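Undergrad: Next come the chains, spelled out residue by residue.
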Amino acid sequence: MSQEQQLDCALDLMRRLPPQQIEKNLSDLIDLVPELCEDLLSSVDQPLKIARDKETGKDYLLCDYNRDGDSYRSPWSNKYDPQLPDGAVPSDRLRKLEIRANDVFDTYRELYFESGVCSVYLWDLDHGFAGVVLIKKAGDTDKIKGCWDSIHVIEVQEKAQGRSAHYKLTSTVMLWLQTIKAGSGTMNLGGSLTRQTEADHNVSDANPHIANFGKMIEEMENKIRSTLNEIYFGKTKDIVNDLRSVGDLNMKAKQQMLATELNRKLQDRD
Amino acid sequence: MTDYERISDSDKVRIVSGFIKNAPPGEFNEVFNDVRVLLNDDRLLKEGASSAFSEYNMEQFTPVKVERDHVLITQQGKLDGSRFVDPRNKRSFKYDHLRKEASEIQPASVDVTAEPHRVSLDTAVQGYAKEHYPDGVVTVYGSSSGGKIKLVVCIEDHKFSPQNFWNGRWRSEWEATFSPGGGNGEIKGVVRAQVHYYEDGNVQLVSFKDFTDSFSTADPAKGIVKAIEKAENDYQSALSDNYKTMSQTTFKALRRQLPITRTKFDWNKHAGYKLGSELKGTVQ
Chain A
1 MSQEQQLDCA
11 LDLMRRLPPQ
21 QIEKNLSDLI
31 DLVPELCEDL
41 LSSVDQPLKI
51 ARDKETGKDY
61 LLCDYNRDGD
71 SYRSPWSNKY
81 DPQLPDGAVP
91 SDRLRKLEIR
101 ANDVFDTYRE
111 LYFESGVCSV
121 YLWDLDHGFA
131 GVVLIKKAGD
141 TDKIKGCWDS
151 IHVIEVQEKA
161 QGRSAHYKLT
171 STVMLWLQTI
181 KAGSGTMNLG
191 GSLTRQTEAD
201 HNVSDANPHI
211 ANFGKMIEEM
221 ENKIRSTLNE
231 IYFGKTKDIV
241 NDLRSVGDLN
251 MKAKQQMLAT
261 ELNRKLQDRD
Chain B
1 MTDYERISDS
11 DKVRIVSGFI
21 KNAPPGEFNE
31 VFNDVRVLLN
41 DDRLLKEGAS
51 SAFSEYNMEQ
61 FTPVKVERDH
71 VLITQQGKLD
81 GSRFVDPRNK
91 RSFKYDHLRK
101 EASEIQPASV
111 DVTAEPHRVS
121 LDTAVQGYAK
131 EHYPDGVVTV
141 YGSSSGGKIK
151 LVVCIEDHKF
161 SPQNFWNGRW
171 RSEWEATFSP
181 GGGNGEIKGV
191 VRAQVHYYED
201 GNVQLVSFKD
211 FTDSFSTADP
221 AKGIVKAIEK
231 AENDYQSALS
241 DNYKTMSQTT
251 FKALRRQLPI
261 TRTKFDWNKH
271 AGYKLGSELK
281 GTVQ
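Order-wise, the sequence lines are chains A and B. The first sequence runs 1 to 270 under the working numbering. The second sequence runs 1 to 284 under the working numbering.
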């Protein structure tokens, strides 16, 4: 049994087990196959956790990309918590871009989400860089708890002496909705959808990297939002109503037969 | 080279059993295969986790064809030695939890006191199921104790569409107790709906509700079905209402379709090279 086969099975399992228990499932999986630990942590998306930067008092999001060992790096102070003097940090040039990206995406977050937390982490690659844009927004209305987690991983390969670049985007949006009410008992609708896209763009002062991949992220997030709406509130609801009908199926069948009969008679007359 | 802390065999079995029992409806085989590869120890899997296979089938109310009829695999119907009872046809059978097949059919005894009530209710529930469940399977169990009759109704319906990356199952379990010929009976139940959608993602609906009610024993079968129908219809309507609220209120409040300006984000304005800010330092 190769490690690659085991990783494939682990990922397949994570696509089938109830996403409501992602953290427990992931933890159990790592206990079961410890050799897969790093691979699993980097390829299985988990609901984002929030931490507070003690220096600046600002919130930031935790994921595998700003983790080093058991510490997480704040995008505000660029320091690890718990402290890690040798923790991995982006190069100086990339850190400048990272600061800028956090600023721009925070404005994006404000306009689309109106509250919540946003964090951007970048890391150097040989011929470019990679990054992740994270957004977390929670909201409770009418006794329904909701939470949205965006995880956009971007890979930028610089070309033509920096005048153009190839961008690869993998976006996962997690949506969690739950309610406990007298009439409907416990209703838990949750999980995630993942999409990918790639494109080439020119890079210039007028078209900086942040604008290039920012536009891709915005378009992707809008698309996924629309698909989430269809799948969560359309598809899963339709499936429930296919399992059981509130109305009398015999009546529906009779009505259907009458309608078909009527149609036939009308067609015969023509 | 890190020396990984290995967990014990019993912990492995616990974890693997947990995974198996959480397989979504219609995906037992896929989860089983994944678990088999990850555990990489068929002997341990067979010895330690086989109880998980039977627990899964009983929890899911797995339907099985026994000659010309369908019966549900449930905790209620469990006998010794992997055998289950088929009350409607007064027989029992052996069930293979991996192959999902029945064999070794034998006649089974009935509780003579409860049986007439069980038969009435079984007929009534089958009629009810035809009205509400496109492919429902019904199994009704009867027992008596000290003059009291206990009838357990199990209903299951499922739709599996793996080629479209979705599966769903509905399960109802109702327990009615009453003393024949007087007063009201008590009924309690639980209804569960689970849906899994997994095209480029993993989305699941997990919902359930507990019920308690009473019913008239003037015509127990009729009274019980009436209580079940009302409870299940109300529950399904409440689910629909929740879907509406979730989509029209909760979801909208999480992320707007567009910013309040009704235009997309102006990336070039926000991320573009700010000539103004560059000169700010010099023009004083």
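Calculated directly from the structure, the hints in this document are not laboratory data. Honestly, I wouldn't trust all of these hints.
Unchecked claim - In silico DSS-like pairs for lysine-lysine, Cα to Cα no more than 30 angstroms straight-line: (1) B:K222 x A:K145; (2) B:K100 x A:K143; (3) B:K269 x B:K150; (4) B:K222 x A:K235; (5) A:K58 x B:K150; (6) B:K150 x A:K235; (7) A:K145 x B:K65; (8) A:K143 x A:K79; (9) B:K100 x B:K46; (10) B:K90 x A:K215; (11) A:K252 x B:K150; (12) B:K100 x B:K90; (13) B:K21 x A:K168; (14) B:K21 x A:K181; (15) A:K252 x B:K90; (16) B:K90 x A:K181; (17) A:K54 x A:K181; (18) A:K235 x B:K244; (19) A:K49 x B:K100; (20) B:K244 x A:K168; (21) A:K235 x B:K21; (22) B:K159 x A:K181; (23) A:K252 x B:K226; (24) A:K252 x B:K65; (25) A:K215 x B:K46; (26) A:K223 x B:K264; (27) B:K46 x A:K145; (28) B:K159 x A:K254.
If you're wondering where the values come from, they're calculated on a predicted model, not measured in any experiment.
Undergrad: So, for every hint listed, does it hold in this structure?
TA: Okay, the hints, checked on the actual structure:
{"no.": "1", "hint": "B:K222 x A:K145", "verdict": "violated (39 angstroms)"}
{"no.": "2", "hint": "B:K100 x A:K143", "verdict": "violated (41 angstroms)"}
{"no.": "3", "hint": "B:K269 x B:K150", "verdict": "violated (72 angstroms)"}
{"no.": "4", "hint": "B:K222 x A:K235", "verdict": "violated (35 angstroms)"}
{"no.": "5", "hint": "A:K58 x B:K150", "verdict": "violated (61 angstroms)"}
{"no.": "6", "hint": "B:K150 x A:K235", "verdict": "violated (38 angstroms)"}
{"no.": "7", "hint": "A:K145 x B:K65", "verdict": "violated (42 angstroms)"}
{"no.": "8", "hint": "A:K143 x A:K79", "verdict": "violated (38 angstroms)"}
{"no.": "9", "hint": "B:K100 x B:K46", "verdict": "holds (16 angstroms)"}
{"no.": "10", "hint": "B:K90 x A:K215", "verdict": "violated (67 angstroms)"}
{"no.": "11", "hint": "A:K252 x B:K150", "verdict": "violated (34 angstroms)"}
{"no.": "12", "hint": "B:K100 x B:K90", "verdict": "holds (21 angstroms)"}
{"no.": "13", "hint": "B:K21 x A:K168", "verdict": "violated (38 angstroms)"}
{"no.": "14", "hint": "B:K21 x A:K181", "verdict": "holds (26 angstroms)"}
{"no.": "15", "hint": "A:K252 x B:K90", "verdict": "violated (34 angstroms)"}
{"no.": "16", "hint": "B:K90 x A:K181", "verdict": "violated (40 angstroms)"}
{"no.": "17", "hint": "A:K54 x A:K181", "verdict": "violated (38 angstroms)"}
{"no.": "18", "hint": "A:K235 x B:K244", "verdict": "holds (13 angstroms)"}
{"no.": "19", "hint": "A:K49 x B:K100", "verdict": "violated (42 angstroms)"}
{"no.": "20", "hint": "B:K244 x A:K168", "verdict": "violated (36 angstroms)"}
{"no.": "21", "hint": "A:K235 x B:K21", "verdict": "holds (25 angstroms)"}
{"no.": "22", "hint": "B:K159 x A:K181", "verdict": "holds (27 angstroms)"}
{"no.": "23", "hint": "A:K252 x B:K226", "verdict": "holds (20 angstroms)"}
{"no.": "24", "hint": "A:K252 x B:K65", "verdict": "holds (28 angstroms)"}
{"no.": "25", "hint": "A:K215 x B:K46", "verdict": "violated (52 angstroms)"}
{"no.": "26", "hint": "A:K223 x B:K264", "verdict": "holds (13 angstroms)"}
{"no.": "27", "hint": "B:K46 x A:K145", "verdict": "violated (41 angstroms)"}
{"no.": "28", "hint": "B:K159 x A:K254", "verdict": "holds (23 angstroms)"}
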